[in-house]
Amino acid sequence: MGIILEVKNLTKKFSGLTAVNDFSFEIHRGEFVGLIGPNGAGKTTVFNCISGIEKPTSGKIRFDGRDITGMKPHKIVNFGLVRTFQLVRSFKYMSLLDNINVSCLSPRGKKIAKEYGIDAYSSTILASVGLVDKARLPPVILPHGDLRKLQIGKALGTNPKLLLLDEPFSGLSHEEADVITDLIKSLYSDGVTVFVTGHVLRELMHLVPRVIAMHQGKFIADGPPEEVANNKIVLEAYLGRGGTFA
Amino acid sequence: MLQNQNKRNYLVDFKLYFKSWITTFRGKVTLVCLIGLFIIPFITTNTYILGIFYTFMIYTIFAASWDFLAGYVGQVSFGHAIFLGVAAYVTAYTTRFIPLAFWDFSTSQWVIIGPMPWWITLLLGAFIAVLFGLIVGIPSLRLKGPYLALGTLAMSLILYEIFKMSSLGTLWSNLFPGTVLFGTNGIGQVPPISQDPIIQYIIIFLIMCTAMAFLTHLVKSNTGTIFKAIRDDETGTKASGINTTKYKIIAFMISGFIAGIAGSLWSLRISGVNPGIFQPIYSFYGIIMAAIGGIATISGSALGAFIFVFLGEFLRLLGDNPNITGAIGGFVEPIFVFSIILILIIRFAEHGILQPALERLQNVWDLVLGR
Numbered sequence: 001m002g003i004i005l006e007v008k009n010l011t012k013k014f015s016g017l018t019a020v021n022d023f024s025f026e027i028h029r030g031e032f033v034g035l036i037g038p039n040g041a042g043k044t045t046v047f048n049c050i051s052g053i054e055k056p057t058s059g060k061i062r063f064d065g066r067d068i069t070g071m072k073p074h075k076i077v078n079f080g081l082v083r084t085f086q087l088v089r090s091f092k093y094m095s096l097l098d099n100i101n102v103s104c105l106s107p108r109g110k111k112i113a114k115e116y117g118i119d120a121y122s123s124t125i126l127a128s129v130g131l132v133d134k135a136r137l138p139p140v141i142l143p144h145g146d147l148r149k150l151q152i153g154k155a156l157g158t159n160p161k162l163l164l165l166d167e168p169f170s171g172l173s174h175e176e177a178d179v180i181t182d183l184i185k186s187l188y189s190d191g192v193t194v195f196v197t198g199h200v201l202r203e204l205m206h207l208v209p210r211v212i213a214m215h216q217g218k219f220i221a222d223g224p225p226e227e228v229a230n231n232k233i234v235l236e237a238y239l240g241r242g243g244t245f246a
Numbered sequence: 001m002l003q004n005q006n007k008r009n010y011l012v013d014f015k016l017y018f019k020s021w022i023t024t025f026r027g028k029v030t031l032v033c034l035i036g037l038f039i040i041p042f043i044t045t046n047t048y049i050l051g052i053f054y055t056f057m058i059y060t061i062f063a064a065s066w067d068f069l070a071g072y073v074g075q076v077s078f079g080h081a082i083f084l085g086v087a088a089y090v091t092a093y094t095t096r097f098i099p100l101a102f103w104d105f106s107t108s109q110w111v112i113i114g115p116m117p118w119w120i121t122l123l124l125g126a127f128i129a130v131l132f133g134l135i136v137g138i139p140s141l142r143l144k145g146p147y148l149a150l151g152t153l154a155m156s157l158i159l160y161e162i163f164k165m166s167s168l169g170t171l172w173s174n175l176f177p178g179t180v181l182f183g184t185n186g187i188g189q190v191p192p193i194s195q196d197p198i199i200q201y202i203i204i205f206l207i208m209c210t211a212m213a214f215l216t217h218l219v220k221s222n223t224g225t226i227f228k229a230i231r232d233d234e235t236g237t238k239a240s241g242i243n244t245t246k247y248k249i250i251a252f253m254i255s256g257f258i259a260g261i262a263g264s265l266w267s268l269r270i271s272g273v274n275p276g277i278f279q280p281i282y283s284f285y286g287i288i289m290a291a292i293g294g295i296a297t298i299s300g301s302a303l304g305a306f307i308f309v310f311l312g313e314f315l316r317l318l319g320d321n322p323n324i325t326g327a328i329g330g331f332v333e334p335i336f337v338f339s340i341i342l343i344l345i346i347r348f349a350e351h352g353i354l355q356p357a358l359e360r361l362q363n364v365w366d367l368v369l370g371r
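For the protein sequence lines, the chains are D and C, in the order given.
Residue 246 is where the first sequence ends in this note's numbering, and the numbering goes up by one at each step.
Residue 371 is where the second sequence ends in this note's numbering, and the numbering goes up by one at each step.
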């Protein structure tokens, strides 16, 4: 299968505060991995460093055989490493179709989208995330669940090899979360490597076959969910000393 | 469902687009306005009236270029007069002092054909404005929001001071002999586009139509989609794999080009230019016009410029009347009135008056037709 993402000794400091401390892991092609940790563990910072939004203080990030440490975000996207944001980002005053179009107009997305026509290709993506009937509406009037779907649609427009999903379930009801879960599962079965964060263990535990746990910027565990959920350090991180999951 | 759409017939596309555009109410109103504007010089060749219309058309181009940059790309410039002034100076200078010539290889000397034609100086002015778009655009990658506005404002003030000088000092002129500036008087006696007012009017009219059609089409194109995405969320656009730096610079260059055309026409129209053109007041004129029509509506700039120029002219006439100025003092001063209008627009119609005006007009029209 081969390694698609390799993070080595990643460290990120914000003027004295160490958000990520000597963090290392590998993801293989076609894997489905979760990154867990309590609030403030540094999950989003790891994602920001990988996707180029922030420059790591030290450490190496390799994607698909390339060193992408400290590269500009748009370049990394065009190698096929695409992320979504924890706080929903959308182009507020443009239609959903145009929102997807932007991704399809990136150099990487264009290669495929051009063959079908940009609008037609975006429509199929909207259909695959279940928003095609709202294609002409702007994001400002949509409910939160739809915006989460839009985020994934925007990422799909660039034809990703590896998808980083930052808290795709935050702020969703159970029904909405189930829809997103199905969506992510279908992406995974289409051959996209998926790396997903979450601070609520329940959703991730049922979804992914492998989780990496972090706490206060440090790596603490890696393995199948049942094993990690019973790991002593993980339990301490979430519940304090002596806690257990019901 | 998906089919290969690579082969397109652009002429057929255009015809279809035009047909669908003309059936909309907005398209019809635009067409009527354009025809009305077109026949003005055939009705009257009064220099004063035509002069107002020239100013209106040039301001339309200028306001639209600002509206494109601020409304569609989200880069608010308070120094748009930079492009206006630079292009005006280049056009005035080349028309006055550089003849059209070619290098004769047989005799190894320049052969002068005659004065530089207006359209070459116009394009030259616009291209130098593009260059300045690059100069303004590159710092804009670091400056955001209010800081960009202040930066561009400062840049226009710097240029104002530079162009006010009559020489750049002995150090500079020793380094680059022959560089001259024109001081506070600027460059005068620039020949007009044509001695025939009708031809001059039609040329400016066509340039305005082309510029507006270009901008309107641009903001609807795929590139326009990317521009709007940068306006709405720059980080999000980067995360969609778009090189925002490149597109921001392109936007500055396009806006500079269009504003440069306005500047060149300006100096050809008033047969000269002086450093006053770099004053922030001209940048604000553009902003007022775009805001009256509605920011992020290219055609709104035309409505804004129309109101600005004609109301301004009316107020100027009132101000010239001693009875009126005696009664209400300087309150008819155009800039005073327009500042109040701008405040009212921002408070009560932040999306401008083009859209509401069109809706009202459509209601009235429906009423007339008895629908």
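Note that these hints are calculated values from the structure, not bench results.
Among the hints, a few may not be true.
Here are the simulated distance ranges between beta carbons [to be verified]: (1) D:K92 x C:A349: 49 to 59 Å; (2) C:I158 x D:I141: 18 to 28 Å; (3) C:E350 x D:E236: 48 to 58 Å; (4) D:S173 x C:A213: 44 to 54 Å; (5) D:N9 x C:Y147: 33 to 43 Å; (6) D:S173 x C:V364: 23 to 33 Å; (7) D:N230 x C:Y147: 30 to 40 Å; (8) D:D133 x C:V364: 49 to 59 Å; (9) C:E350 x D:F14: 42 to 52 Å.
One side of the interface only, derived from the structure: several residues of chain D facing chain C at Cβ under 7 Å [to be verified]: (10) K55; (11) R66; (12) D67; (13) M71; (14) P73; (15) H74; (16) Q86; (17) V88; (18) R89; (19) F91; (20) L105; (21) I112; (22) S189.
Here the structure is a predicted model, which is why all the values come from computation and not from measurement.
Backbone N, C-alpha and C fix where the C-beta goes; we use that ideal spot for every residue, glycine too.
Hints versus structure:
Roughly 20 Å separates the CB atoms of D:K92 and C:A349, a value that falls outside the hinted 49 to 59 Å. Under the hint 18 to 28 Å, the C-beta atoms of C:I158 and D:I141, about 45 Å apart, miss the expected range. One distance hint, 48 to 58 Å for the beta-carbon pair C:E350 and D:E236, holds here, with the actual separation near 53 Å. Between D:S173 and C:A213 the C-beta distance comes to about 48 Å, which sits within the given range of 44 to 54 Å.
Checked against the hint of 33 to 43 Å, the pair D:N9 and C:Y147 passes, with Cβ atoms roughly 36 Å apart. The beta-carbon spacing between D:S173 and C:V364, approximately 48 Å, falls outside the hinted interval of 23 to 33 Å. Under the hint 30 to 40 Å, the C-beta atoms of D:N230 and C:Y147, about 53 Å apart, miss the expected range. A hinted range of 49 to 59 Å is violated for the C-beta pair D:D133 and C:V364, which are about 35 Å apart.
Range check, C:E350 to D:F14: about 37 Å between beta-carbon atoms, so the 42 to 52 Å window is missed. For D:K55, the shortest C-beta to C-beta distance to chain C is roughly 14 Å, which exceeds 7 Å, and the interface hint is violated. The beta carbon of D:R66 is not positioned within 7 Å of any beta carbon in chain C (closest approach about 16 Å), and the interface hint is therefore violated. With a least beta-carbon distance of about 19 Å to chain C, the hint placing D:D67 at the interface is violated under the 7 Å criterion.
Taking 7 Å as the C-beta cut-off, the interface hint given for D:M71 is violated, the closest approach to chain C being about 12 Å. Interface restraint check for D:P73: the shortest CB-CB distance to chain C comes to about 4 Å, inside 7 Å, so the restraint holds. Because the closest C-beta pair between D:H74 and chain C is about 5 Å apart, less than 7 Å, the hint holds. Because the smallest distance between the Cβ of D:Q86 and any Cβ of chain C comes to about 12 Å, over 7 Å, the interface hint for this residue is violated.
The closest approach between the C-beta of D:V88 and any C-beta of chain C is roughly 10 Å, which is over the 7 Å cut-off, so the hint fails. Hint on D:R89 holds. Least Cβ distance to chain C is approximately 4 Å, under the 7 Å limit. Checking D:F91 against chain C by beta carbon gives a least distance of about 4 Å; that is within 7 Å, so the hint holds. About 5 Å separates the beta-carbon of D:L105 from the nearest beta-carbon of chain C, less than 7 Å, and the hint is met.
With a cut of 7 Å, the hint placing D:I112 at the interface with chain C is violated, because the nearest CB-to-CB distance is about 11 Å. Using the Cβ-Cβ criterion of 7 Å, the hint placing D:S189 at the interface with chain C is not satisfied: the shortest such distance is roughly 21 Å.
Checked against the numbered hints above, the structure violates hints 1, 2, 6, 7, 8, 9, 10, 11, 12, 13, 16, 17, 21, 22; every other hint is satisfied.
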